[in-house]
Amino acid sequence: MSDRLAQLAEAGVSIWLDDLSRERLNSGNLAGLIRDQHVVGVTTNPTIFANALSNGAAYDEQVRELAARGADLAATVRELTTTDVRNAADLFRDVYRSSGGTDGRVSIEVDPGLAKDTDKTVAEAQDLWKTVDRPNIFVKIPATAEGLPAITRTLAEGISVNVTLIFSVERYRDVIDAYFTGLEQAKANGHDLRQIESVASFFVSRVDTEVDKRLDALGTDEAKALRGEAAIANARLAYAAYEELFAGERWAALKADGANPQRPLWASTGAKDPSYSDTRYVDQLVVANVVNTMPEKTLHAVADHGEIDGDKVTGTGAQAQAVFDQLSAVGIDVPDVFRTLEDEGVEKFEKSWQELLDTVEGQLGKAKA
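Numbering (this note's numbering), first residue to last: 1278 to 1646.
A few of these clues could be false.
As the list claims (entries may be wrong) - DSSO-like cross-link-like pairs, simulated, lysine-lysine; straight-line CA separation at most 30 Å: (1) Lys1490 to Lys1393; (2) Lys1532 to Lys1464; (3) Lys1549 to Lys1501.
Bear in mind the hints are in silico, worked out from the structure with no lab data behind them.
Remember, it's a predicted structure, so these values are computed and weren't measured experimentally.
Build the full structure now, drawing on both the sequences and the hints.
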């Protein structure tokens, strides 16, 4: 079962799981995936935590303890989520050490309701970093316009960051600039750049979902022929930007000071259209020095029938750009696609966060009854 995942890892792709729950930790499921399925990291988001806390009774005992201590809703949510992240980080300690700090990472996201507030995002990132108190976590910050300066300021404090909700290559270039600026400020603040890591989470399948919907609405043969082309092309263009900017003089100076590159991370890699291969957003994005964070269903699909056949990304920039030229030619407003996806991404996470709060509020009420 693990041969294809081993091939993926050998090709330079770090395999992370896009899920975390108390049940997964307590049952040994996550430990088994680390041991047997080459999983070297975990990402979380508000939707993942909302699902985890609404299913099963794994959190009941801790909720009762917190209720007995008089913890309010915000403190209870913080304690529940950071406990999972801390325990997962401990589980990945050996991976973290053996990879020199590159992998063995667990991500926890700032409150998505703060995505438009730079100062509060920075304050929450610092609080999460101190609360979890593990060197192998990432604080996730959305790549909104307001998030970019928050990313820089958080990195400047020596905090490792997972930049999330990146959809366009233009915004990705801004993210890399924010990373470079953050490292430059971190150095000025006296931090050891070797201790700071970062990934840039580029969302993949959602791009096809939005573009395909618009292509279907156009209904022409030319439009239909482009279904399923946008997401992979977009990720390949992002990798071309990564190669370009991390070969420049600004990065060379940071590298000389011990800085680590900010690896691209392919997120949202479960295929949402049942007519597409369930491994396409893994198979077609194999390239060295990236992360692919997968739902467990996708992970098992890759292990079972993934087609891992070497580097599928390097040197594909011109071909990928041609896809977007064709999309524009048939009438797709590409900038609007990315604006829509970012707005929807923040909105979905805000909704999930509210669901999480509602669930925990109900659990606290029962515990205090």
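So, going through the hints one by one against the coordinates:
For the hint pairing lysine 1490 with lysine 1393, the CA-to-CA distance comes to about 28 Å; that is within 30 Å, so the pair holds. Distance check on the hinted pair: lysine 1532 and lysine 1464 sit about 12 Å apart at the alpha-carbon level, within 30 Å; holds. A distance of roughly 17 Å separates the Cα atoms of lysine 1549 and lysine 1501; the hinted pair therefore holds under the 30 Å criterion.
Figure legend: structure checked against the earlier numbered hints; every hint is met.
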